[in-house]
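Trainee: Here the structure of chain A is known, so what remains is to put chain B in place on it, guided by the hints.
So the sequences go chain by chain: A and B. According to my numbering, the first sequence is numbered sequentially starting from 1. According to my numbering, the second sequence is numbered sequentially starting from 1.
In short, the hints are calculated from the structure, not lab data. All figures in this text were calculated on a predicted structure; none of them were measured in a lab. It cannot be assumed that every hint is accurate.
Remember, identical chains collapse to one label, so a pair may be satisfied in a single copy or spanning two.
Derived lysine-lysine pairs resembling DSBU-like cross-links, with alpha carbons at most 35 Å apart [stated by the list, open to error]:
no.: 1; residue 1: K292; residue 2: K405
no.: 2; residue 1: K371; residue 2: K326
no.: 3; residue 1: K405; residue 2: K202
no.: 4; residue 1: K326; residue 2: K60
no.: 5; residue 1: K330; residue 2: K9
no.: 6; residue 1: K272; residue 2: K222
Chain by chain, the residues:
Protein chains: 2
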Amino acid sequence: MNKKIEQLKLKAASLTRQTHDLGIPVMIVFEGVPASGKTRLSNELLLTFDAKYTQFISTKTPDAEDLRYQFLQKYWNTLPQKGNINIYFRSWYSHFLDYKQNNIKQDYYKNDDKLVNQIKHFEEMLQNDSYELIKFYIEVSEEKRQEHIQQTKDNPLMSWKVQEYEQIIPKDIYLKEMRKFTHSDKQWEVIDYTQREVAFEKMYKHIIERLEQAIQKSNQSKGNKDGAFTKDFSTTKFDVTLDEVSKKEYKELIEPLQKRMREIQFALYERKIPLILTFEGMDAAGKGGNIKRIREKLDPTGYEVNGISAPTDVELAHHYLWRFAKEMPKSGHIEIFDRSWYGRVLVERVEGFANKDEWERAYEEINHFEKMWTDEGAILLKFFLCLDKEEQLKRFKDREQDINKQWKITDEDWRNREKWDLYLEASHDMIEKTDTIHAPWLIVPADHKKTARIEVLKYIIRQCEKVLWGVKDY
Amino acid sequence: MNKKIEQLKLKAASLTRQTHDLGIPVMIVFEGVPASGKTRLSNELLLTFDAKYTQFISTKTPDAEDLRYQFLQKYWNTLPQKGNINIYFRSWYSHFLDYKQNNIKQDYYKNDDKLVNQIKHFEEMLQNDSYELIKFYIEVSEEKRQEHIQQTKDNPLMSWKVQEYEQIIPKDIYLKEMRKFTHSDKQWEVIDYTQREVAFEKMYKHIIERLEQAIQKSNQSKGNKDGAFTKDFSTTKFDVTLDEVSKKEYKELIEPLQKRMREIQFALYERKIPLILTFEGMDAAGKGGNIKRIREKLDPTGYEVNGISAPTDVELAHHYLWRFAKEMPKSGHIEIFDRSWYGRVLVERVEGFANKDEWERAYEEINHFEKMWTDEGAILLKFFLCLDKEEQLKRFKDREQDINKQWKITDEDWRNREKWDLYLEASHDMIEKTDTIHAPWLIVPADHKKTARIEVLKYIIRQCEKVLWGVKDY
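Extracted from the complex, chain A is given alone in its bound form (with noise of 0.2 Å):
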């Protein structure tokens, strides 16, 4: 390599330590055909760059297991935290014409509009989030690339991966859909790698462009922690009431709810069918108690809980909805989140955690990020308990005199009660904001316990019926 190349590769070296210090996460996609020199220049980068924060992530054709999951699932999960940076061998591009060209979920993916929105509100997402995203499109002379193609095949104990993805999507194919892409969006930085000198240099140089804007952003400003509260907010949002259910009553409804949720359970395994229970609702509202009914019959191999506390560290240094993507159900499977992603817009905004931009945003970015897994058939159903302010208090009160409910109360409900009206403010916005068709909120009077067990286990098993059976309401 020429001394030009070499100063820019320290210049991109040192550039990288200081977005990791800064805490910018960065990702670097390399789309191409095959045997076009991605591998030359990826791998060039992955060996300059700190072995302790960079990750190498390549796209294979989705074998059994992870068509079981969300089409951009392997990507979240892999999502580079605040400082690293991953290099993407193939990306969510190739993944998409894969899907495309062999009619991968095709009963949901009929058309590209779909996925191709997933991918524009994926990457929006991030790139709000401050994650530099780079994007290089490699491009070849036919002569060159066979000359690639003939070094492999000449040794005999490589050449059985000559071309092995060409299979999967044809080069011409590849080379017009990959165009629609790259000529709509000036995010992509093309290189020709017909000559080697010039595509490395012409690498590096993008590179280190894009890595002194986002050292330069970063500096600025963060944006301020207003929640943007209204005085004396009110709001008959929910003023919602039910026919109360008797003690009698209850007892002879609840056992059989149960016995047809786990059927309902069955019948989601067999059509592969995840379902996603999202609960919020006012500290006391009996979001537990009622998860543990829904839950009670269930096959305890086919659905988990996920009890959202306080973040680790390792989530706080990856995009708020990092944790939360990585735990989405499998096909099949059973989700139930108590309190879920919508913390972003209720504690943290109420907390200034988030600041203004953050949360303000973070409506729309819910509203997609559901869409990503209703898109692929999944039910997505989200309740919120609410609770009069008296009976919050009895219920607190009676948590403190009993022995086995103790633990169930601390000075934190204590804290986030005087908050009241910032949290019904926050949870009114949010439920005008993310009530969609594709996810709907249903609100859940909760001040009788029994009464809204009831109401939300009938509300599950009607809408998976729904789903399942074409089940109507008359």
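Mentor: The following block gives chain B in isolation, referenced to the frame of chain A:
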């Protein structure tokens, strides 16, 4: 459920809140033939303990992807962190019987001993690290069992699930083989499920007893931090020399070796053999540069470098081997560790992060740990790069001078240098106690960087050639 059981249940739940707060990890295993009552008992616990720290792990027959990993990989990956509870619905015992009955990986596991030993050492290791391991073996009368089966069969939505596991391990074989474990190991608590309430009571009583013991033990003193170093320690262990490779020789040798290394990578991939390379050594001995020469021409989709820094809080909350176990390569892949699990007997011994009991038993733990992978055909090579104390000083100073290397030298390096003799003794003892036939150490004199690189590459290639093609040293 009767009142007595309700009381036991509250007691058990309350104890798990204590084990949670004390950071005691709990593992509860359920074994027993299908339809014996395992589901009911394990589900009872799952519903009783707090979902925030309780996880349900079920064992299924391995799919193609699972088989690319070590026998215990799944249990390593899902090991509970401090304060958490895992409930195992079938465990490594069923997994073992599945391997045995269905001749899985029989090239490696011709007789049972290896797997039985793996299980033994896995459990011992966890128990020594204050994991509370509770093992239930569920028995039931055949009449009662048929009743359970009939209940499931009668339901049209669930009938397909009946006895799915019995096809994998026939009931009679399961019973016969499990008896060998349950009858030789007093740690098993055998429960007869024929009378349901008796079974529940017995389960809770045993759990309460065990958790109380664990809590008591946890409140005892934690052992001393003694590194047990010798005054004026000296050793000739590292007085190894090599014929120095000239600049010219290096230039001629390095590229063919790297190309051969790439061929080896492809051959390992085809033969599904994992390769694990572990680097330890004095600071500035050139581990990074050495690793770089190994990987320089490798296909980046088939290897990973794991640079070990201080553990995250999540890693600290797990068994010390956990963060390495989950990075072990799948079949045909290469994993390179830049520092490793040997930190336990090096930095942790020197700095007192591990107490005397912990680092002293670590040698044997590590030997068993490594054997789990070599048992399945992994090639595991360990390199200790040693440096003269004067040469280290020179390199430290060079790094401080060179603007592109300054980031490599930190205050910590200088502090470690002050403890040269302690690290020397710790390194000496480590090699003495962990130089095994299945995972040997190579001591590499690294005063001359280029010579060390050639030596390491040659050694890796030769060891792999031996395994791959029976190449011998004549």
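Trainee: Report the numbers of all earlier hints that the structure fails to satisfy, in ascending order.
Mentor: Failing hint: just 6.
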